[in-house]
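2 protein chains.
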Amino acid sequence: MEKEVRVKNTGLRGVKVADTRISFIDGENGILIYRGYRIEELAERSTFPETAYLLLNGVLPGRGQLEAFEDEIRAARHLPGFIVDSMRTLPVKADPMDVLQAAVPLLGMADPDLADESREANVRKAVRLIARVPAVVAAWNRIRQGKEPLPPDDGLTHAANFLWQLTGEKPPADMARDFDVCLVLHADHTFNASTFACREVVSTQAHMYAGVAAGVGALSGSLHGGANARVMKMLFQVEREVKSEDDVGRWVRDRIERGEKIMGMGHAVYKTFDPRSKILKEMSRRLGDQTGHASWYRLLTRIEEEGLREFEKRGKSNIKSNVDFYSGSVYSMMGIPVDIMTPVFAISRVAGWCSHVIEEKFAEAQEKPALYRPEAEYVGHYCGAIGCSYEPVELRA
Amino acid sequence: MEKEVRVKNTGLRGVKVADTRISFIDGENGILIYRGYRIEELAERSTFPETAYLLLNGVLPGRGQLEAFEDEIRAARHLPGFIVDSMRTLPVKADPMDVLQAAVPLLGMADPDLADESREANVRKAVRLIARVPAVVAAWNRIRQGKEPLPPDDGLTHAANFLWQLTGEKPPADMARDFDVCLVLHADHTFNASTFACREVVSTQAHMYAGVAAGVGALSGSLHGGANARVMKMLFQVEREVKSEDDVGRWVRDRIERGEKIMGMGHAVYKTFDPRSKILKEMSRRLGDQTGHASWYRLLTRIEEEGLREFEKRGKSNIKSNVDFYSGSVYSMMGIPVDIMTPVFAISRVAGWCSHVIEEKFAEAQEKPALYRPEAEYVGHYCGAIGCSYEPVELRA
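Protein sequence lines correspond, in order, to chains A and B.
Under the working numbering, the letters of the first sequence match residues 10 to 406, in that order.
Under the working numbering, the letters of the second sequence match residues 10 to 406, in that order.
Since the hints were made in silico from the structure, they are not lab data.
Careful, some of the hints might be misleading.
Any copy will do: because identical chains look the same in the list, a pair fits if it lies in one copy or spans two.
No more than 25 angstroms apart at the CA atoms, straight line, and that leaves these computed lysine-lysine pairs for PhoX-like [to be verified]:
(1) K17 x K280
(2) K370 x K156
(3) K270 x K370
(4) K179 x K280
(5) K242 x K370
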């Protein structure tokens, strides 16, 4: 029996709602673990497909298993024609996250396993989602520019192939590897808002696609997946408003004094540095030099330093840079448009969402919550159990 | 400070997560209240548009307000052309709930207020959703049959117009009124799984359409909105398997003894009769006589009686018929196909979803939960904070 906690109006912060075997965060010490493995180790030594396999299956694959898994992803990358046809009907100004949310149920319609709720079928659905969410994002980015979607290139890795299908340019190997690391870093994060939305939806026995579409919706919110794009908007604002880098301190101070946030700083769970942020910071430095955007990196580090100092002064030393602080700059350096950054988050997180959907669907009875069905405290208009008296419309004031 | 409760692995059952002013359930006494008014009173004397106004705005409208609200709904019923074009690309076997989930983000793309997060704009979005969710469901039912969607008829009420657009027949006035009552009965039900999914999604500051698409996903689950269709499937099974009505008792007993559920009986919140069920039971009786389906009503009442007796015998007298037990038969008598029954639930519940989305977005700070971000207990593979040792794939067994 765990410690009892106050729940109401806390957004369930700190409230353990279920057991999980997928990932673990120690927010005090800045530790993130997937299935037992530290995120730093996976970022350095694993790849996104291998990490996705690990998240889905609980163990690292053997060589044959990994090759088979990668083959399955490769085979599933081709989008069914009706999905592309459907996307062609949409307004070109549609937000890519809205397009993705609409496309996920369509991916379900194209899945021959849709009605099969066995574990094996759910893993196959997960593989198709991991393969096709990037294909949808890349296709939409082409369609909205009046271009034809590009076919997948079977000679490219999962990460490289996305950048190719998105931009029409085959990325250098080191950039492709950097993007692969970004996908590893974002692949899971316990019961964040979008993952919890996926679990909530499938707890009703809805299928995986219905759950993942909810996850896309939650991720689209500016407090969740939209944060890296907001960091980029903040960065562009600083570029416009600040004459020299020495004035960044004043800009940051003014902003904090006005009670505004520094985008990409602070986190619901981490009370110290987000372990993913450190890796992305180093990547931003390196890519900045390679791509001629070193000034973005320099500005971000100044904003971060000044932010840390100002928050420290105000007794808020737990507000540190999070995963979103440097990821936007990294994506920009890779040629990813600002409004595709949240979809890129989805391309990675879909591995975690699907793993959590499977955990929710197949957990042992004693650790499986029934359908999530909380209650609320009614504080509204009340005339007792007999109910308020209904006046016909003719008699109302 | 409320009573502290155990939370983990309970599906948040009995856990108050937020304040609400929208609706109230007294599950012990079978009472459901919308904004202070008893559901029985609203079913008898209000209409669905008026009830939707009440849910959204907190008070019953004056005559002019009601007329203006109905005019807005009528004006918004026409679907933007690209949405119909998009639906035409979909496989005709697609489940109507999957089509609806995909269509909701498209409705967002067509909304000129999409990016406006003022309260007024959110109410306008809600009106468009209430108007257009039925239009999508009806259009899909035509498209999948190879027919053209029917235009809305401005001379018909909201309820009658849906039946017309769905079936191509204008319903008799009393049937239209019965359907209107069904919509009133299903319009809200506090923090059920789909409503909570909507709130969870928009708590990230995602827009209303992203939240409502999540609600559609949750409602599609067989433990939630799919239950009335499952009652109909059970009813058809009884029709096939039971030779005379006197054998219904044995059929029910056998089923309960095998540990199977009686569809449409039992509820997470009600421990006595669901107040909506009583109204639907009477409607099923009356419509059964009118439409020549009195045998469905008779069979259902036999199943209910035998179920109540068997559950009582087993000390489970709190398992009573719920809202889904008679609604499927009512919808069938109105000519609504079985796989459109859950979408019909959505046509009504969208009023509640939108009201909850607005409450979530505009609640006072002290009662507004931050973004819902629960935690989980990690019970998986663990090698300590240092992490498990990553073996390169070549070295794995």
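Here is how each hint holds up against the structure:
no. : hint        : in the structure
1   : K17 x K280  : both (22 angstroms within a copy, 23 angstroms between copies)
2   : K370 x K156 : neither (40 angstroms within a copy, 38 angstroms between copies)
3   : K270 x K370 : between (38 angstroms within a copy, 19 angstroms between copies)
4   : K179 x K280 : neither (39 angstroms within a copy, 62 angstroms between copies)
5   : K242 x K370 : between (39 angstroms within a copy, 23 angstroms between copies)
Comparing the model with each numbered hint stated earlier shows that hints 2 and 4 do not hold.
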